[in-house]
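Student: The residues making up each chain are set out below.
Protein chains: 2
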Amino acid sequence: MTIQAITFDAYGTLFDVYSISELSEKIFPGSGASLAEMWRDKQIEYTHLRSMCSMYKPFWEITQDALIFSCRRLGLRLDLAGQNALMGQYARLHAFPENLSVLQQLRARGLKLAILSNGNLQMLQSAVDASLMQGVFHHLLSVDVVKKFKTSPEAYQLGPDVFGMPAKNILFVSSNCWDACCATWFGYTTFWVNRTAAPLEELGVAPHGEGRTLADVIAFVEKLNPA
Amino acid sequence: MTIQAITFDAYGTLFDVYSISELSEKIFPGSGASLAEMWRDKQIEYTHLRSMCSMYKPFWEITQDALIFSCRRLGLRLDLAGQNALMGQYARLHAFPENLSVLQQLRARGLKLAILSNGNLQMLQSAVDASLMQGVFHHLLSVDVVKKFKTSPEAYQLGPDVFGMPAKNILFVSSNCWDACCATWFGYTTFWVNRTAAPLEELGVAPHGEGRTLADVIAFVEKLNPA
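First to last, the protein sequences are chains A and B.
Residues 683 to 909, numbered by the numbering used here, are exactly what the first sequence covers, in order.
Residues 683 to 909, numbered by the numbering used here, are exactly what the second sequence covers, in order.
Please keep in mind that the hints were generated in silico from the structure rather than gathered at the bench.
Errors might be hidden in some of the hints.
[To be verified] Okay, derived cross-link-like pairs now, EDC-like style, lysine to aspartate or glutamate, Cα gap no bigger than 16 Å in a straight line: (1) B:LYS905 with B:GLU892; (2) B:LYS708 with B:ASP761; (3) B:LYS739 with A:GLU884; (4) A:LYS794 with A:ASP747; (5) A:LYS739 with B:GLU884.
In isolation and in its complexed conformation, chain A is listed as follows (with noise of 0.2 Å):
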């Protein structure tokens, strides 16, 4: 078998963050969205420069100075209430509608099943709670171990290491492309949800399957595993 484990991405691929846009929009009417793609490009490009300066630390409190951070640029006066508001969407996300059952499918199949997350093990933890995921997965794989975030190679090797086997032999799922592409370089077998229909981006490199839903994992991998 050419696939014998998969790792899926959390958040967005797995954990649904609109939620997110829609409080934003409540607590701050007509900023909502902006808010919400602010803080998010500025939680990532976070992770980038603690992972490159070695000055990690975990992506809860990453996400909050992202949030902090984006309310003031964008001249939102953020109170504790709606801090603690937005933070907490994070542990209360849901999975997107097809996920459980397409889990349980792959499950059945024999594959092993696995998140790799650049969230710590706390935030994962309750979101595969708030979004009835408990016991499908056999790993819960966060950077946290490593404190490098992805795309560093440590983050990455966790697949690998966790699972012993070699990258290409793990079908690595996320719904950012960037991830996905990285991904590949690192050595997996990737596979793109690219539930917004968005263009590659333009690294010279992609993804070794695309789709729209996570329910179109299951074509690609018995594509490459034939019965």
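Use these hints to put chain B onto chain A, whose structure you have.
Tutor: What follows is chain B alone, placed relative to chain A:
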């Protein structure tokens, strides 16, 4: 003397990139500002991803990749003429009006001056020529020799290496807050030319000095190096 040398970031700090927005707007009326902003963000993001993944390629090429992606993302039809015009603008940037006089005053105080930039040497030389700053800098330092972009330590190390002194005796000047902050982590004495009155990045670190134009660097140096 505390400060014996100064390294300057190039784009936005010495060279005014505003003309790029202007030209973008001329080529894509109504979308110039969004394109210029996304182009810049994507350019920096690609330097991060390629540094973390050890997939270096020169800044000129990354800049072009970021332009191509941004146009595709925004649904703008970029033909070769437009691409060449926009890329060519990078080689024809003007310096901010105060620069030449400020740099000459700093040189007259016996300080060694350098540019330390993500840009490859050809881009830097071209921008120095276009902005009539030939002979002003003792060194043009490009990350191209270490194949890691800022904010990697290998990139920041170019300053101490070329000047043969500890980073704390070198003033690192940038208009990008993230650059000034990460250079502070690295060990430089730092100054943020906050041209747009932006809020401080939420990274738990701050540049040692802040001003609105390059001219404010002089007073800061005088404070650190009293006569």
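Student: Has the given pair, LYS739 of chain B with GLU884 of chain A, been kept, meaning a C-alpha gap of at most 16 Å?
Tutor: At roughly 13 Å apart (the allowed maximum being 16 Å), GLU884 of chain A and LYS739 of chain B satisfy the hint.
Student: Hey, LYS794 of chain A versus ASP747 of chain A, does the alpha-carbon distance stay inside 16 Å?
Tutor: Distance ~34 Å between LYS794 of chain A and ASP747 of chain A Cα, so the pair is violated.
Student: Could you grab the alpha-carbon distance between LYS905 of chain B and GLU892 of chain B and see if it respects the 16 Å cut-off?
Tutor: holds, 13 Å
Student: Next pair to validate is LYS739 of chain A with GLU884 of chain B; report whether the Cα-Cα distance is within 16 Å.
Tutor: Holds. LYS739 of chain A to GLU884 of chain B sits at ~13 Å (cutoff 16 Å).
Student: Does ASP761 of chain B lie within 16 Å of LYS708 of chain B when you go C-alpha to C-alpha?
Tutor: At roughly 14 Å apart (the allowed maximum being 16 Å), ASP761 of chain B and LYS708 of chain B satisfy the hint.
Hint compliance for this structure: hint 4 alone is broken.
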